[in-house]
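Novice: For reference, the chains in residue letters:
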Amino acid sequence: MQPDIEGDARFADMAKIRQARAMSPAEKFLAGAQLFEEACQWTLAGIAARFPHLTETQRMEKLVSDLESSGRHTQ
Amino acid sequence: MTGTDSLLMLLDTFATKGIPYMDVGSYSSNFYGLPRSTRDADLVLHLSGSDWSKLPSTLPKGMTMDEQMSFEMVTSTRRELIRIEGSAFQIELFRLSDDEHDRSRFDRRVQVEIFPGRFVYLPSAEDVIVQKLRWSSVAKRPKDYADTVSVMKIQGKLLDWGYIETWCRTHGTLDLLAQAKAEAAPAWEEDF
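Residue numbers (numbering that gives the first Met the number 0), protein chains in the order written: chain A, 0 to 74; chain B, 0 to 191.
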C-alpha cells in the first residue's frame, strides 16, 4: 500500500474505533438491526422500482426470498 | 414490528417465564466491537426437552417458529428459526449444548444494562472471541474472523488473554488467534 493511502486507511480505522468506544450500551446493542432495517428500506425501494406491480407484502416476500438465497445465517 | 422490537419482546417473555438465555452471534460482537449490519439475533437457551416443545405457544404475537428445525454445524446443537411478521429480520434459537465451551460461556454470561432498568444477557468479550475464532476455523466464514478482530480492536488491553489462549489451545485455533491479535494490535496504541 502507498504510504499516504496506508496513513489515510489507518486514520479512517481509528476514527471508527473512537466512535465505537464512545457509543452507549443501547447504541451498540441496537446498531446491527438498525443498519439492517435501513438497508432493507433501500432494497425494498429498489424492488418496488423493478416490480411496480407487487404489493407491499409481495415486495417483503421477495426481499426475504432474495436474502434466503444469498446464504444461510448461523451464529 | 422491527427486528429490535421483536427481539426485546421475546427477551421480556424469557425474563417473565424465567427462561435462561444469552444473546450470542453478531449482537454480542457488535456490543463489544465495531457494529455491523445483522439480519438475525442468535439466542442460546437453557431449556429441557419438554419446555422446548412448549416454546412456540409462548412466543409474542407476530412471531412464528419454523416447523423445520436444524442443527448448528460446530457443536451440532439444535437450532430453531423464528420469523417476524412483516420483517426480514429473524431470530435463531439454539439449545445449550453439552460442548464444554458452550457450557462455560453460558455459566460466565454477563448481565448488561442496555437501557435504564433493562438488562440482557451476553457472553463475555473473551468468550465472543473464542467462539468466533472457532467458527472462523470450522465454518470458514470471513465475517467471524472480522468480528474477532473488531472486538479485539475495541476491547484490546481489557481482555483476559490467558483465558482466551486456554480455550484457543483446546480448539486448535491458536494460530488464528495470533493472526487476529497482530491485526488488531495497532488499534491499542491510542490510550482508552
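No lab work stands behind these hints, which were simulated from the structure alone. Since we're looking at a predicted model, the values are computed, not measured. Where hints are given, some of them may not hold.
[Said to hold, decoys possible] Covered by chain B, per the in silico footprint, the following chain A stretches (three or more residues, Cβ under 8 Å): (1) 13-25; (2) 28-35; (3) 57-68.
Beta carbons: idealized from backbone N, C-alpha and C, even for Gly.
Novice: Taking the hints in turn, state whether each one holds.
Specialist: Okay, the hints, checked on the actual structure:
Judged by the Cβ-Cβ criterion of 8 Å, the region 13-25 of chain A is covered by chain B as claimed, because 9 of its residues qualify and three suffice. Check on the region 28-35 of chain A: 8 of its residues sit with their Cβ under 8 Å from a Cβ of chain B, so the three-residue criterion for coverage holds. Only residues whose beta carbon comes within less than 8 Å of a beta carbon in chain B count, and the region 57-68 of chain A has 4; three or more means the coverage holds.
The structure agrees with every numbered hint stated previously.
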